[in-house]
Amino acid sequence: MSSTELPGAPAVGRASAPDSGVRVAEGEELRSVALPGLTLNVRARPPAPAGTPPALFVHGLGGSSQNWSALMPLLQDVLDGEAVDLPGFGVSPPPEDGDYSVRGHARSVVRLLDASGRGPVHLVGNSLGGAVCTRVAAVRPDLVRTLTLVSPALPELRVQRTAVPTALLAMPGTARLLTRATAGWSAEERTRGVLALCYGDPGRVTDEALRDAVAEMERRMGLPYFWEAMSRSARGLVDAYTLGGQHGLWRQAERVLAPTLLVYGRRDRLVSYRMARKAAAAFRDSRLLTLPEAGHVAMMEYPEAVAQAVRGLLDDCGGS
Numbered sequence: 001m002s003s004t005e006l007p008g009a010p011a012v013g014r015a016s017a018p019d020s021g022v023r024v025a026e027g028e029e030l031r032s033v034a035l036p037g038l039t040l041n042v043r044a045r046p047p048a049p050a051g052t053p054p055a056l057f058v059h060g061l062g063g064s065s066q067n068w069s070a071l072m073p074l075l076q077d078v079l080d081g082e083a084v085d086l087p088g089f090g091v092s093p094p095p096e097d098g099d100y101s102v103r104g105h106a107r108s109v110v111r112l113l114d115a116s117g118r119g120p121v122h123l124v125g126n127s128l129g130g131a132v133c134t135r136v137a138a139v140r141p142d143l144v145r146t147l148t149l150v151s152p153a154l155p156e157l158r159v160q161r162t163a164v165p166t167a168l169l170a171m172p173g174t175a176r177l178l179t180r181a182t183a184g185w186s187a188e189e190r191t192r193g194v195l196a197l198c199y200g201d202p203g204r205v206t207d208e209a210l211r212d213a214v215a216e217m218e219r220r221m222g223l224p225y226f227w228e229a230m231s232r233s234a235r236g237l238v239d240a241y242t243l244g245g246q247h248g249l250w251r252q253a254e255r256v257l258a259p260t261l262l263v264y265g266r267r268d269r270l271v272s273y274r275m276a277r278k279a280a281a282a283f284r285d286s287r288l289l290t291l292p293e294a295g296h297v298a299m300m301e302y303p304e305a306v307a308q309a310v311r312g313l314l315d316d317c318g319g320s
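According to UniProt numbering, the sequence shown holds residues 1 to 320 in order.
Hints were generated in silico from the structure; no laboratory data involved.
Ranges of calculated distance between the beta carbons of each label pair, as one might list FRET restraints:
#1 L257 - Q308: 16 to 26 Å
#2 G117 - D285: 17 to 27 Å
#3 R251 - R204: 34 to 44 Å
#4 P49 - P292: 29 to 39 Å
#5 E188 - T242: 32 to 42 Å
#6 E29 - W185: 28 to 38 Å
#7 P36 - D207: 42 to 52 Å
#8 Y225 - L288: 29 to 39 Å
Here the structure is a predicted model, which means the values were calculated and not measured.
Beta carbons are placed, not taken as given, at the ideal position from N, Cα and C, and that holds for glycine.
Let the sequences and hints guide you as you build the complete structure.
Structure below.
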């Protein structure tokens, strides 16, 4: 999380389809958007019905645009949705300036929206992406119609014990130690560990989804910048937690003008459910959805419930 004015972007470069080997669900398309010093992978479900308002989905730490593949088709008739891979995640390469701060990620989202001309959008974020989207909505209200935050990573006074390993990633040298300590782990062991941390009930993951997740884990672990993107983004999140005054994330939340939907799972092991009430008070025009059985990624565990709540938000705002 962080601050300072987010600049507009230069003209967008030519878009092309990345040859990445990542999973593309039926009805999805991938394209690569080149910006000066930055290349972003975007996942979409074209064609949208004429006049459908645009939306942008932003994943969390360690995630990718694939995290929205269950939710986007459920909203396809009401939102022209695109999901972005933040720099260093999914298929997007690292940013040339090496900036993995919340401010840096937010700047990437702003540059994408400015360059594409799709704004204002219905902006949706999970975890780290929720912090990024909060910042975007605060500093560039012209780009955001509504804001939906699924377990947003906003500062907590008491971090849950289960979230401590993720926070430790921010410490210099930790990524190197983790690489050595987990060198013997298979991709499936790593994947099951992530699912146990992120899902309220990992048993809801189908065999096919597990196979896809393991294949994606194998691909990511082969990237030379995997741990750098993880550790530096975690460090950026921790740094943002320490900022006070106008730059603090809670102060940024208070500045958000867009109608906001907050989604929290009671079984979340990374973002405490006790933060839901504080968030609902901080965002001036908010509504809260609580999912008793959900963990950290409700849009993947209970996409139907999240889609219904998003539709309610759109109805409250006249559907545009």
